[in-house]
Structure formats: structure tokens, C-alpha cells
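Can you make the complete structure from the sequences, with help from the hints?
Number of protein chains: 6
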Amino acid sequence: MRITVINPNTTESMTELIAESAQAAAAPGTVINGRTPSMGPASIESHYDEALSVPGVLQVIAQDPAADAFVLACFGDPGLDAARELATVPVLGIAEAAMKAATLLGRSFSVVTTVGRTVGRAWDLTRIYGLERQCAGIHACEIPVLALEQDPEHSYRTILASAAQALESDGSDVIVLGCAGMADLPSRLATKLGVPVIDGVAAATVLAEGLVRLGIRPSDHDELAPPPPKTYTGLLHDFGI
Amino acid sequence: MRITVINPNTTESMTELIAESAQAAAAPGTVINGRTPSMGPASIESHYDEALSVPGVLQVIAQDPAADAFVLACFGDPGLDAARELATVPVLGIAEAAMKAATLLGRSFSVVTTVGRTVGRAWDLTRIYGLERQCAGIHACEIPVLALEQDPEHSYRTILASAAQALESDGSDVIVLGCAGMADLPSRLATKLGVPVIDGVAAATVLAEGLVRLGIRPSDHDELAPPPPKTYTGLLHDFGI
Amino acid sequence: MRITVINPNTTESMTELIAESAQAAAAPGTVINGRTPSMGPASIESHYDEALSVPGVLQVIAQDPAADAFVLACFGDPGLDAARELATVPVLGIAEAAMKAATLLGRSFSVVTTVGRTVGRAWDLTRIYGLERQCAGIHACEIPVLALEQDPEHSYRTILASAAQALESDGSDVIVLGCAGMADLPSRLATKLGVPVIDGVAAATVLAEGLVRLGIRPSDHDELAPPPPKTYTGLLHDFGI
Amino acid sequence: MRITVINPNTTESMTELIAESAQAAAAPGTVINGRTPSMGPASIESHYDEALSVPGVLQVIAQDPAADAFVLACFGDPGLDAARELATVPVLGIAEAAMKAATLLGRSFSVVTTVGRTVGRAWDLTRIYGLERQCAGIHACEIPVLALEQDPEHSYRTILASAAQALESDGSDVIVLGCAGMADLPSRLATKLGVPVIDGVAAATVLAEGLVRLGIRPSDHDELAPPPPKTYTGLLHDFGI
Amino acid sequence: MRITVINPNTTESMTELIAESAQAAAAPGTVINGRTPSMGPASIESHYDEALSVPGVLQVIAQDPAADAFVLACFGDPGLDAARELATVPVLGIAEAAMKAATLLGRSFSVVTTVGRTVGRAWDLTRIYGLERQCAGIHACEIPVLALEQDPEHSYRTILASAAQALESDGSDVIVLGCAGMADLPSRLATKLGVPVIDGVAAATVLAEGLVRLGIRPSDHDELAPPPPKTYTGLLHDFGI
Amino acid sequence: MRITVINPNTTESMTELIAESAQAAAAPGTVINGRTPSMGPASIESHYDEALSVPGVLQVIAQDPAADAFVLACFGDPGLDAARELATVPVLGIAEAAMKAATLLGRSFSVVTTVGRTVGRAWDLTRIYGLERQCAGIHACEIPVLALEQDPEHSYRTILASAAQALESDGSDVIVLGCAGMADLPSRLATKLGVPVIDGVAAATVLAEGLVRLGIRPSDHDELAPPPPKTYTGLLHDFGI
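Chains as they are written, first to last, in numbering that gives the first Met the number 0: chain R, 0 to 240; chain C, 0 to 240; chain F, 0 to 240; chain G, 0 to 240; chain Y, 0 to 240; chain E, 0 to 240.
Simulated from the structure, these hints should not be mistaken for laboratory data.
One or more of the hints may lead you astray.
What the hints assert, rightly or not - In silico negatives: residues of chain C with every beta carbon more than 10 angstroms from chain R:
1) Ser-12
2) Glu-15
3) Gln-22
4) Asp-63
5) Pro-64
6) Asp-123
7) Gly-136
8) Glu-148
9) Ser-154
10) Tyr-155
11) Leu-159
12) Asp-183
13) Lys-191
14) Thr-232
15) Gly-233
16) Asp-237
Unchecked claim - If you want the footprint, here are the derived chain F segments under chain G, 3+ residues with CB under 8 angstroms:
17) 89-95
18) 100-109
19) 122-131
20) 191-203
21) 213-223
Small disclaimer: the values here were computed from a predicted structure and weren't measured.
We put the CB at the ideal spot given by N, CA and C, even for glycine.
Right, dumping it as C-alpha cells:
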């Protein structure tokens, strides 16, 4: 089984971290391909960045017909609907995967994410996925995405403190990590916090494996059918189908 | 990995069907144990039956400390919260698993279930799981649970017709089968209907495998902590902890 | 008129307290029968206890065909749907009765309950009954159910403090007591707090009287029709119909 | 116990019908006072009529300090919040009472009302009371309010047909009558339809009796405190407090 | 274009303030007519006041057939549905206008209003308008309506403090002023707070201008059709149509 | 006042139609600039097209610092959050504008749109804007976007039929046109249908004028602050800030 894990930003070192986390979660025999888009932002910290990460994500999907499933490794699940139209295999966003997995492991969850301005998008996603009630809180630890790996020990301690406070204030019983750049932290945090800690990259990887094993292709009925052929112009000329 | 699949009713032939379906969906190396409770109703077709299936389900869990995960193979997810308190490993209901898997494979789903009087319970579950909006309709084909295997060809054709009509009237793009007794039908139906068809036994099995592989124990924080010790009396004396 | 008030746990002294509260609320001429199930937990403080209280509750109902209405005197409303299928007369849970009565007496209510791990179930009930918005908060005073009557003065003071704080923090204007074991406290608390304080046993009793006086039998249409006949096996053999 | 039942419109014959229905539902010893406001519309069939019925309703309440409870006998529950501020005893609207009683007697209810233009208001009320989900449909039989008593047999047959169709199309199991002018019909309809049929006048009467018997005054905390004293001018001069 | 701005209370000085604010917001050429009803409360600070302000509002509308639009300048939007039936031109309440405008200018808004007992009504309006989620908080600064203009500097400072705290505690990014009597404050507050501050009188005025310019008459289909002719009696005799 | 109306697709003739509609709705003195992006799809009929229209939209905004407001003239409101971050003046999507205007003119609205596969996105938008309940139905007339202007008479008749049926089946009282390419139809349709018909281009134009006249800049607090500076690579290199 081949699962392509797409880092929607263009920072290679983060792609490597993500691919390692996915591989660690995958079953023996599953091949993980980490992919960095050829275009887009170095990190995703605004609606602007997120919107502009989507063309690169879609290009990766279009160029990888052999994948059995795709994972979008950014907690904003950028372009998920478009990706599902384009792909003929399952596509999982890490926010959707992490939050749905959390609901299987506890009564409610808190999200610990990077910067405050992404909190609104995360709440939007809870509503799209029907999890607004089960999400007890979303907390920013105010570490920029690319700073996560610059001082890993500081990141760990800050995230730990934020998660501990979230459990206390929200009355929740699961922690969801709100950034693919935190993919190396869950077990260390879980030991300390005494509750499940879910990284979306790992969660999306095992869910993708499960869907592939079930042998069920995603629906291509009506709304998720392949996009109708269309002329594209200018810089995006090559996205025409 | 050992997954115990519990048939909450006491009909052995149905347990066998369920265990086979789970095994077919499981990864190589996963051991599926099908279990029939020692007490309870021959089939579950009312709130009364469902409530009275729970003691038997809980007994199976209490007596099986070696399982890595449990699957409750009845679409009412009977006793799920109690089971999660009692177990220290993941417990998945097939309704929750099937409906959450459906949301990864399409925009909305329709449920095709057995008898009309169970439709209300299925809607209740969509609300508990936050999937009320994504569930586009719940349709009874009016075949009693134990009749499903008596005339399989008739069951297949009736369910096929009900599913086809559900897709049309609901505008949905995925079918969820609303009874563990339909576990042998998905691929045949999917071929005919042209949309994903999800059986909860298979869905719960692969989700359980994924959670076990992640190595994350479910939360035992507060509400899902083990039940406090208590004296039980009368017929249920042995359920005291 | 005969109203059977069922204490879903098996502690006789609590049944007596409950029956007295119901009798005090009832109109002259109403006969209150307090009943303790023959099986089940000594108190209900977990999903596990609640699920295992249901068989005893259903047995009481099945054995009491002369009752004009039933009251389930546990704030989790255990087995309410199953009880409504089985009974041909109104069945009221004290959580449903107390919360609906509260909405007739104020703009929003706060619940003061026993132990923290039952708070989730109480929120679930607000959603089932459509009262999630009107319920402004649910607060545990961390007194175990059976400890309520061991030191009544301490219980009273703790509940008073919890209720006062709930009114302040929630901005609500009615208090609902979240345990049948608090049935002797409302008037004393109300005097002190200056807002309505509702005990579910009393509320359910007067609502049951009202429904009986209206002469309206509950619906037995479709979903709430009597459970279909079924073989039961093992310990629960006698629950077969 | 004295319950004042207010007909918010100024048609005396309708007040008589309403008072009779309330008396028929009341316990022995309860005195029902039917009241017609001194001002306002002959019937209520628009938002305009409803708004202009409120001054008359409030005047009746202000002039009746001896009542133990009030019932507002119009399915729009006109001025309910204002009435609750003004009164120091329970005030029940018949829509709220009928719909909450319906949820104690079945899984979902359908409303059969008079004219189509009142359907929107009835849906608004379901949302205010948290019953939007439990209300499966609202159906107008297109009989104007005052025509109900002109040809009672025709009204009965039209309402019966509308209710039968509502049960079929909505999949509901209780009928709520959406006009105080239908207060004489429930038992006849119930016999024919085989489901509970609820008239709000009767429902509000027994609920009011229950609240009075509990001895619980409604909250006068904050929002429902008596209106602050204020100068009123012009035609409404006498409403100043 | 002629827009009639109705002050639902009977305090002339407040009508003047409101009319000035409307004129300041209006386009060149728009004529603003400020109107004080001939009857009703001196200010609106309870459900009682609000209900009794409606007849005066409706009378103004009935007597002004030349208006191109009406603005109801009280944050409770009193009698809005009735006014829309009666008028054949657009009618805007200032709460609806302010809150909808706020959603065009930020992600969520906080309301700063006068007295605490009106907070419940404001929340009710957010639900009616579908803005419950976007409204992050409603805060009373406990200045009675008519006191706002008695010590304007004190009012300004109190409202500023309340708004600053609301932004902090709610995490919102727009302030909505919850009383027509605050219509002179927005720009001064906005400069200080650094976020948009919306007065409903100005917002309703420009929205009304826009609707008039579109040339679209409001719907008079079914529910919002003119009220059916009806006899009115007593004090309200002249409201008969 | 200068309002830039952006056609998110790259078809010039459609930009012209849109600009004309905006100009027709605008007040005297308002300058409308119609803009076609330099890159992207010829029409927007899928999530894929919509996602790939966003870079072109953002480029237009970045290159037009003199605009007083922007209108995004595609009913999917593509990239609205990102556009609001980037712009320092109001940005209105035509779906949001049309639907919010509809709620000022009637009790509920129906949307008539182009192709069926865009219906899901339109429902998503109703939820984001809090209008799910007020939207009574979304109907596709199955005319592709660019075919609208090829046979205008056929388009008109098809849309008329679809709208008439929507009013009937949905019980709504306002029609919202779900495509910028229908901007020339509202008055003709309204005359025939007897209810308000709203084109989003016109609605967004007058709302934008109103916000500009209020002199209120949109919030740039926290989530809608300008995007943080960031390196962009590849094809999208120039989007770096």
C-alpha cells in the first residue's frame, strides 16, 4: 500500500518530519511518500497562506496516480474538497482525522495549536465536521509553525503547559495537536498528561490504511465527481483539465 | 493484535457472520474473536431489546482482559459509554464507525436499516456523534433482523432497492448499512449502486486496528474512568465490582 | 390515581425518601407506590451503573399493570425509551420532568448534581430533550449519592454553596437538583437562594398526575409500540415476552 | 386553587369554549376563570393581531392579583415573557404547554393549526422552546379561527384529515392542536387517529395545577423581575407602573 | 428617498438624537424623518415595555404611507414581524441591521448594551437572526436608557470600559452598540478600541437606503401579506383594518 | 466612491455583465471597476475551480489599493477570508450579500443556481453565515455557467420554472439567484413570480456602498490582520509578502 503524505507548505525539513511520523504509525508494508509542493508558502499561518497552498497540493495529487491514499498534513485541511474531487482514492486531512479519532477515545477534546490567528479556522473545521460540541476548546501556544523545530525542548514545554491548562479549563479528556509540525510529540506529552494525545499525521495515516484495506473507493457521485474539463489561463494554465 | 467482536444478541449464526466479516476486513495477523453473550435477546429490534442486551455485552468485556480492542456489532451501539468505562482498550460501536467512515468517503450518507421502529434510535445516534447534518436519511427496508439470513437473495434485492431509492430521494453519495446482519452485502451492493457502501463491522474493525497501532489507550480521565466499586444485588449480583 | 415511583438503585432507604417526596407533592387522593428493583446497583454513579439499573426498572414496570403512571427516580433517566415501550401508561424521568418544569419557571436553569463523572450524562440529556441552550450549567458538588443522607446538614450546606455559585457564574434563574437523593431539600434551598429550586421527583409526580388527569395514553405508534416478542436467554431469560 | 385562563382575542364565545375545556381538564376544586380582554382583535391570525393582543392580556393579569396561575389561550403564546415579568405566579402559554406535554407522550409531534400564515410563528416557538427537532411538521388546515365554531362538523373533518396526513408524511406519533378554538376536539380525534391528541388549553391547565401544587413561585431574578416603574403616555397611559 | 426612523419609546430628546445619527449616515438626498409614537413607555427596559411599545410603532407606520423604508430604533427590534406585515416597504430593526453589518466587518462581535435584564432578549434576537455563533458575548454596562444622555461623558467612559473588556474576554473583533441612545458614540469608541464599532441606527439607515435603491419591495407572500381585516375593540379600536 | 467588482473566473464577457449590473445598482457617483483575474478557470463549477480561482482574486486585490470596497462576484464566495485579511477595505461575497439581503425582505429564501454539483457548497455557505434555517432550499437548474448567456431566453425560462417550483415546494417567499451570470434577470423574474428576486452582484454593491458611507473599516484585529510576511516559492513566488 502506498500513501502519499503531502506537506502543504514548502519547507522540506517539515516534510521529512511528517513523513517519519506517518511511517512510524503505518503498518508494516505500507510505503509512505512524503511530498513537498513545487509552489506556495513556506508555512501556513493565515487564510491567505492556506488558500495559496492549495494549487501546490492539487498539483501533487494530479502527478501521483499510483497513490492508494493521500494525507494533507496541515491542520487547516487546505483544499480538502477540491482534492477529493481530483483524486480517485481516499484523501484525509489531518484535522478531520485527528478530531474524529479523538471522539473514539474520549468524551471531548481540546486542540493545542500554533498561533492565535488560526484558531478561527480550526473552529470552522469543527463545524464542518459536526464536532463543534465535542471540541471543548482550541488553544494557541503562540509558537510560529517554523519555530516549532528550532527549539524543540522549548516547544515541548510550551505545548505541555498549554495542554495541561486546556484539560483543566475545558474539562476535556483528550488532546489534539493542531499542527503537523508537532508530530513527534504525542507519546511524550501523553505520558506526562495522562490522557490520549493525538497527532493528525499519525491518525490520518492509520485511517487511510483502514479505508484502503476496506477496498472502498470514495464517492465520485455528483458533487465529488472529477472536476469538469475547463480552460485555465495565465500562471495557472497547466491546471486546466 | 486481538480484536473481540461482540454480537450483542444471542444468535450464534449471526455471531459467525459478523466474525467472518471482521476477519475479512482485518489486516493479516489480526486475530478476530467473535463472542456471543451468555444472556439477552435473540435479536435487537426495540429500545427494550437494546437495553437488555447491555448486561451480556458488559460481561463479555469483563471476561476478556486480553483483547486489544472491542467492536460492538449492533447498529444501536448498545451500552457504548458503559463499555468504554469498563474496558481499558478502545471500544467501537458499528454505527459510530460506519457513519464516521462514511463522512471520509462522501459528502453525505443514507442509512438503510432493518425495521422502522429502530429509525429513531439511529437518528439519536447521529446527534450524539455530531453527524445529524451529514446523515441525509434513514430508511427501513422492513426485514426483521433474523430474517436477513433466511432468504439472503430476497434480503439483498430489498436492501438494494431501498438503497437506490435513498440515494435518489436524499441526494446522498454513500450508503451505510444499518445492521450487523448485512455485513456480507457491501461489495455486491456497491458494484450495483456505484457509490461506497459501508458495513459497520468492517469499518469498526479497521478503525480499531488503526487505534491499536497508534498505541493510544482511550481516556480514563474522569467520566470514562473505571466504574466506582459498588454492591450489586439480585440477578445482577455478579456485576458488582 | 396510582403512581409508581421507581428508585432505579437498590437502596431501600433512598426509595423511602423518594416516595415521601412524591407523596408530599401529589394531590390528595393520589396513591404513591415506592418501588425498589430486585436487582442492580446500590447507587448509580457511572454509565455502567446506569446501564445495569435498567433491567430492574423494566421488571418493576412489567410487574405493575395497575399503575396509572411511572416515575423513574434517577437523574440519568435510565432506560426511559425502553420503559415507554413496555408501559402503556405515562413514564416520566425525573431529569426530563425537572428540566422541563424549570423552563416554565425561569429563563435558564443550572443543575447541581452529585459526582463530576455524571455531568456528561446530564448534558447528554439536555440535548436529547432540546434544552441544551436553556441549561446554563451543570455543577457537581462531589458528594456520592449514598453519602447525601449520611450527613444531611453537610449535604445541605455543600449543595447550597454549589447552587449559589452556579447562579452567579451561569447567570441562570432556576436551580434543578440533579439527584433523587436531594428530594428533601428544595424549599429550604429556595428560601435561602431566592430562586425556584426544583426536585425532579416532585416535578415528575405532578406532571404525571396532570397527564393522567388529561386521560391521554402515551403514543404506542411505531417506535413506542410494545416490544416485539422475543426469546431471551441466560440470566435474563424471564425478560422474554 | 384559582387559574385564570385568558383568551387573548376579544370573542366572548371563544372564551367560553376555552374556559369549559380548562374546567374539564382541571382537578376537582380548581376554579377556572375565563377572561376576555377589554381591548384588541376579534381573532389572532397575523403577527399584527398577535402584537396588538398583548396589551389586553397584560391588563387582565394586572387586574387579577388573586389568581394562582394564568393560562394564555392562544397558540402564539402572545406576550409570554412580558406576562411572566408582570405576574408573580406561573404563566403558561398553550403552545409551550402543548408541545412540552407532547414530548412526554411520544417521540415527535405534528401541529395542526388554522391558517397558513401562522405556521412561521409556530416554528419560531419551537425554536424558542428547544423543540424544533421534536416537532416533525406544522400543517395549516386553512380554517380561519372564528370559522372553527361556525361549522363544527366541517372543522372536525378537515382537522381530522389534516392530522391523518401529518402523521403519515411526518412520521410523528402525537398530534398537537394549534389553536385554542380546537379545544373540544382532542378525544374525538384521538379515537379516530389512534395517537395522543393534545389541546394546549387542557395541557396548560394541568401543568399550571402541578406548578401551583409544587408551591414554587416562578423566578423573579433579574430578567423576569417586575418591570421597572415607567411613565406611559397617550392611549397606553394607564399601563405605567 | 424618504426614510422614517421610529423611536419606539416616547422620549422626544432621544428621537432627536436618533434622527441626527440617521441623517449623518445617510447619503446626500435622503430625507430622514424622526418619529415619536403617540403612546407607550418613556424608555424600553423590559419585555413589558417592549410589548407595549409596539402599538405606537405600528400606528406610526400606518400613518406614513409615503416612507420608502422604516427603521425601528430600539435594540429589541420591537414588533418587527408585525411591522413588516403592515408596511409595503422595507422595515429594518437596528439590532438586526447592526448585527448583520458586524458579520461583514469581522469574524465575531460583542454587544455592549444598557441594563442586564435586556441581555436575554438580545440573545433571543441572535437566535432568530441565525447569528448566535457569531455573537461572542452580550455585556450590560448597567446604565439605564434615559441616563445615557444625562451624563454623556460618564456614559462614554463606562461603555468604553465595557467594550474593551468584552473584546478581551470574548476574543471578538467588532463591537455592536446595543441601544439607540448610544448612536453618537461609535467613531469616538472605534478610535480608542481599534476595532469597528457599529451603531444600529446608522447601520439600518444605510441598509435601508441600499434596499430602496435596489428597487426591491419586501415579500408580501403568505406570512408577510397585509394582516387580514379584523374588528378591534376597546382602547385599540382604531387598529382595526 | 470606487468599488472594484471582481469576476473570479477569467471570462471577459461575464465580467462585463457583472460590472453593468453593479453599476445599475450603485448610487450616482459610485465608480464601478470590473476586473478579470490574470489567471484561473474560465468558469467555476467545482471545488477544484473555486480553489484555483482564489490566487487570481487575491492578485487583483493586491494590485488595487485605491478601491474603497471589493465585491467577489461568484456565488461560492471564493477566498473570502483570505481576501478580507489582504484588503484593508470591506470585501463582500455575492452569496453572503444576497442571502443576508434576502433575510431583510422575507421570512425564508430559496436559491436557484446553475449546476447540481455546486449545491453542496451553497449549503456550506448558509452554515458559515448562520442562515441554514432561513434558506428553505437550493435548486439547480442545470445550466452550465457559460451557457447562461448563450441562449438568454432559454436561461430565463428555465430559471423562472425552477424558481416557481422552489417557491411552491419550499414554502419560501424570496428567491436568491445563485450565480453572478444571472445578474440581468431579477426584475423580469420578480414581476412574474410576485416575490423579491435578489441578485448578489447588486446586493453586494449596495451593501458595500453602505459600509463605505458608514466610514467603518473592517476589523484587522487578530484573525483578520494582514497575513504575516512569508516566502513563497515556485509559480506562486510573487504572492510572498
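So, going through the hints one by one against the coordinates:
no.: 1; hint: Ser-12; in the structure: 24 angstroms, holds
no.: 2; hint: Glu-15; in the structure: 21 angstroms, holds
no.: 3; hint: Gln-22; in the structure: 12 angstroms, holds
no.: 4; hint: Asp-63; in the structure: 19 angstroms, holds
no.: 5; hint: Pro-64; in the structure: 19 angstroms, holds
no.: 6; hint: Asp-123; in the structure: 15 angstroms, holds
no.: 7; hint: Gly-136; in the structure: 15 angstroms, holds
no.: 8; hint: Glu-148; in the structure: 22 angstroms, holds
no.: 9; hint: Ser-154; in the structure: 21 angstroms, holds
no.: 10; hint: Tyr-155; in the structure: 18 angstroms, holds
no.: 11; hint: Leu-159; in the structure: 16 angstroms, holds
no.: 12; hint: Asp-183; in the structure: 14 angstroms, holds
no.: 13; hint: Lys-191; in the structure: 13 angstroms, holds
no.: 14; hint: Thr-232; in the structure: 29 angstroms, holds
no.: 15; hint: Gly-233; in the structure: 30 angstroms, holds
no.: 16; hint: Asp-237; in the structure: 28 angstroms, holds
no.: 17; hint: 89-95; in the structure: holds (count 3)
no.: 18; hint: 100-109; in the structure: holds (count 6)
no.: 19; hint: 122-131; in the structure: holds (count 4)
no.: 20; hint: 191-203; in the structure: holds (count 7)
no.: 21; hint: 213-223; in the structure: holds (count 10)
In this structure, none of the earlier numbered hints is contradicted; all agree with it.
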